[in-house]
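Q: Sequence lines, in order, name chains A and B.
Per this note's numbering, the very first residue in the first sequence carries number 7; after that it's consecutive.
Per this note's numbering, the very first residue in the second sequence carries number 203; after that it's consecutive.
Worth flagging that the hints you see were computed from the coordinates, not collected in a lab.
Worth double-checking, as some hints may not be accurate.
[As the list claims (entries may be wrong)] Per label pair, the in silico range of CB-to-CB distance:
#1 B:Arg219 x A:Leu202: 26 to 36 angstroms
#2 B:Arg219 x A:Asp308: 46 to 56 angstroms
#3 A:Phe343 x B:Arg219: 39 to 49 angstroms
[Stated by the list, open to error] Covered stretches of chain B, as calculated for chain A (at least 3 residues, CB under 8 angstroms):
#4 488-500
#5 525-535
Beta carbons: idealized from backbone N, C-alpha and C, even for Gly.
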Amino acid sequence: MDFDFSDQQYLFRETFHGFLEQNHDLKKHAALLEGDGFDADLWWGLADLGLFSMLVPEQFGGLGLSFVDMALVLEELGMELVGAPASETIVATDLIVRHGSEKQQARLLPLLAAGKLRVATAIAEPKSGFGDLNIQAQAASNSNGWRLNGHKIMVPHAVMADLIMVAARIGPSQELGLVMLEPQRKGVVLREQSTLDPACRFYAMTLDSVAVDVEDFLGGAVPQPTSLARLLDVSSAVAALQLTGIAGKVLDIAVAYAAQRVQFGKPIGSFQAIKHKCADMAVAIDAARSAAYYGAWAIAEDAVDRVKAVSMAKSFCGDTARQVCNEGIQIHGGMGFTWELGLHWYLRRAKVLEFSHGDAAFHRERVMAATLAELQRQE
Amino acid sequence: MDFTYSAENLRFRDELRQWLSDNLPIGWGVTVHEPKDEDERARFRLGWERQLFDGGWSGLDWPTQYGGRGATLIEQAIFSEEMARAGAPDGLNIIGRNLVGPTLMRHGTEAQRQRYLPKILSTDEVWCQGFSEPNAGSDLASINCRAERDGDHFVVNGQKVWTSFAQYSQWCILLVRTDRSLPKHQGISFMLVDMRSPGVTVRPLRQISGESEFNETFFEDVRVPAENIVGELNGGWKIAQTTLAAERGPGDAMARQIRFKRELDDLIVAAATLKRGSTSAIDDPVLRQKIAKSIVEIEIMRLSCLRSLSKLLKGSAPGAAASMLKLYWSHAAQGLYETALETLGFLAPLTDGDSLAPAEGRFQLGFLQSRAFTIYSGSSEIQRNIIAERMLGLPR
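Just chain B, same shape as in the assembly (with noise of 0.2 angstroms):
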């Protein structure tokens, strides 16, 4: 057990450190913010990617011959640690980094992995991802989108949902029904579509936080060659796990850890200067329990991450200690933003745009944010039925 860096590690950060302070706007998180235009906001985060791959800080964990770093999972940390700290912005590739990357690196085949994944990274093509419909959330298993053989081609026809970035994006991951007749696992394939194909409708969704990061996303008569199908036909919903688990692995937790304990500093700095009767709100002892509780409980995530990282660096397979992680600091979070609004008081109802709206409206936007928490990425009831299943051995 060690929780220091070695010196390369430091040596690494020291670099990154730098080209950040080189490379952030000056001013940045103090007198400069992201634009409030969400349009304007996806070529903002879009530009800054572009930044980070000409610097190199691109695809940390990815091989160099797919243009990534070849970093190791401590220098990963690392990296998401300084992004963190010094409050960069977020890239909009999201998806095609975190989730298409890793899937088509263990499934995908070489051309695949020629043809798309240096594309991602140098932020030429943007990728959503194509799986929930409005009759398959929790039952993933059961879409109806379907992809029929015609020649060469498969023709898609379908719709699917929450579509997160389907609007800014040249590609799709989409899980799609190509054999009925086969027991609803085992007919579904993984292809990849190119969002540009004629058919193909985005219709954007507002959330409950008045953004519209997500959309439904419509096939009609979609034509799709039959080289983008990953790995076997009717295979794709064990390549789907490889998705889904990514989407929950420590490396994603890790940076989330770092925004929620800059959320929770800047919580405790409010709560010094609120007034709470006399007193401020920080020496009201009933608001300092569930302050602390949820000091302690976001960082035993930062705590549960290094964890499973140190396991992840000896070879184990990450499997249902994803869904506990994910599972974990879902809740963890939500109970951050409403300790948050009981910290705020009387002005938590205050949003953004109202001069006297504590921290420009932010917890309150967190807050609406993190009702998606336990939902996306699949709900605690589905991470739930995981853990207890796979990892306790509890009869289905």
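Excised from the complex, chain A in its bound form (with noise of 0.2 angstroms):
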């Protein structure tokens, strides 16, 4: 029984952060909404680091860690706002790792290894909702071979993208799978979108008979069925790991002003009202580590609760960077609201990431029907 990380995992954490310290901040990021929006110095300098390579078995370059070897390099990347395209080809390397055929992975494992490969994956649909239930997306064959034909929305750098990694029915069983094409392929229409949180470069895919072959779905010839639940639940984890980590940096942030800003002739972190938001802050940034970290615990083992561990993480720790978020930039005052100081961006980043892959109501109706399968079990 250890529930804390090794002096490696320590040691993994401390070398990302003195890499994005030295080589990244606010200033780099917002001009990450000019050009093409993806910074290749900052991606290349993590993948000298092996954050690509990580989870990668050694028989194909990887160094052949697990999930729980990522959990706090994930939350450092999170405080950092540094997002897709890492983040989301850190999820499929697992995906492919998990649930890839033979020849996917010796085709596709060194690549990302070396962080020659930048995925995407594509999920949501202007109408599907949360989880996969009403994904429509479909690929059928015909005399022709195989065609996919879908809408996706929120595809985040999809431009950049080697690979993007698409839910859908596949077949006439209509069992859900993922089909992984080039963006340049036929048939493939990008359209930029606006959001909240422009950094993520989220763009609406549209599908329309796009030639596929059973090399394209995950695991080949034999497709999946459960590796989309697999990537939704991957993806949670890391979204809650983020999170974690936007909230972590926004208290850091305000403690540090709270500190310094004087009013009435005090620093204003001497009044109570200042200070107790921020030791609740705190509090509920610990117990969103604990739920993170068991999550990717979870994951990493594909334990029998995995379910309900990745769901109680993404809906407290979006829950917590609500909270930390919105009262970072109270603390800060009118300050707090200036596009300058760039609190928003941690304000934005949260945002999107709460409502990526199930808000937090969704996620407690999985815990709710979770415990009573539980409970079920137990009788």
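Join the two chains into one complex using the hints; note that each chain is given alone, in its own frame.
A: Shown next, in the form of structure tokens:
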């Protein structure tokens, strides 16, 4: 029994923390609104530190580490607002390691480990709601082979992605699975979407009779119906860690400000109205860490309570980031409301993540259902 | 990171399970419950605690030389878990085991340890805690109860309040002012007082829940031998911090978590049978959200305890982390009881004694008791000050 990270895992975090402190800040983040929105220097720096090889097994040129090893690193990325395509590429790597065919693994994993493959995931649809229940995109075969049709929304950095992992119903069984394709394929139309967090670079994607092959189906000729469920859970676990990172960062900024901002002749951090807000934020963040780290463990182990663990994390960390981002701005007063100071970047990213892969209410309902099933089993 | 128990841990667990099934009354928790009368219940709990001691299950974390078991932190966690799983009764000497023990082990003389510690575990001596006073609550350092030197004794005069279990106690850890000329934190001493001394009066206070666990305690010219001072004269404030930290640590929270988890499970079962309009309460989506929120919060309480324990195992000091845990669980648990009453809906006002009261009014009693969570062991406001100042480094 040990619910803590190893010295090596803490060291990983320090390494990434040091790198991001040196090479990334809000100014650079804001500059990503221009151009293609992709920071190549940052990407290759992270790749050199081994970010994309962590989950890849050693036989494919990776470090053969687990999702628990990634947890603190993902929290760190969250703090610095490093999201897609890095985070989505990590999610996709997990999926290919777990569900890819031998051929797909041999082809894709070495590229992923080297940072040479950027992946985006495409799950949500205009009418899908949260989860996978109402996904309509469909791959069907006729005499000309397989064709993929559908509409996806909020595909991050789709234009810059080498590969997009698309959730779709496959074949006559309508089983849900994942289809991997390049955005350049004929029939793929991308339209940039206007969103709360423009740095996310979301695209709507229309798939009009796009030619696909069984080799494009994750798992190959044998489709993997459990892969989409895992994709949603891994994405949620990653979001929970990033939300926790954002909350931790905003609290740090708020505490630093409260300690030096003087009103009524005293630092405002000496007033209990401010002090107590900060303490409540710290407590919520600590609890969020418990949930997010356990979620990461459940993902790594593919634990029997994976769904519940991930949903606990996603709902609680989402609520916590909401509380901390709002209060963080409040503590800054008028300055907190300015574009210049940049707190809004954390607020924006947290808000997008809060509603990605299921909001708190969606995940609480999953917790409820899982708990009822647990109690039933015990009877 | 590893959530599995070692083979050795599992052996410990199985041994304990076996002992519990051999020693709890037949039908415990189903047909047999604790006595409802408070005095009878106190005797029952003391008897159970003695049984635990005889079986070698008392003072798990205490060194064997003082009658403890010298168990590892993990074994303590397993113990809490199993006791709660079996719905085993609480003991009565909670303050002795959880607060006096750790405080004396850290700050007592060897003679004090030899004299007092073994009798705590054997239940021969029950302890209470004389810290708070009518005018010293959150501002504990402003205590007024004074002890004046008289030869090889101190003479104690003053009043304490919220002294839980005082009516059953033989001994008391008492904070007294021994020097009025010093700043308030520096003139305090920590002493051990025999509750059977002449001049000690205990008057039970009736609580919100209708129970009388705590008391007012009066000291009138009570003579206490000078050797009963713990640590330095006027050095009591630091020692009190040890006591308070022990009160808020993961061990305490772990045991509570399992009780809350059982309450939640019972609540869900109740929600499945209660009607709301034409459907079961458990099918009401609004209620499901609230129950799920409590499930998440109470489960996180367990995870945070485990994280805390893991840190302690690696030798880190508890410090403000104990305040974080206490602030977290006290509010989470209050939320749970609010949700419990909402779940009972129109039956919520019915309490024990009415045949229609769900679960014999347990949730209502729990709800009333839960109001104390954010007040005792340092109110939430005090915990927030500790966290903000000691952990976040905000100015005083």
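Q: Within 39 to 49 angstroms: is that where the Cβ-Cβ distance between Phe343 of chain A and Arg219 of chain B falls?
A: At 58 angstroms between Cβs, range violated.
Q: Given a hint of 26 to 36 angstroms, does the C-beta separation of Arg219 of chain B and Leu202 of chain A actually sit inside it?
A: violated (53 angstroms)
Q: Tell me if chain A covers the stretch 488-500 of chain B under the three-residue, 8 angstroms CB rule, please?
A: Answer holds; 8 residues pass the 8 angstroms Cβ test.
Q: Checking C-beta pairs, does the stretch 525-535 of chain B have three or more residues closer than 8 angstroms to chain A?
A: Answer holds; 3 residues pass the 8 angstroms Cβ test.
Q: Is it true that the C-beta distance of Arg219 of chain B to Asp308 of chain A lies inside 46 to 56 angstroms, as the hint says?
A: violated (29 angstroms)
Violation of the numbered hints given earlier is confined to hints 1, 2, 3; the remaining hints are satisfied by the structure.
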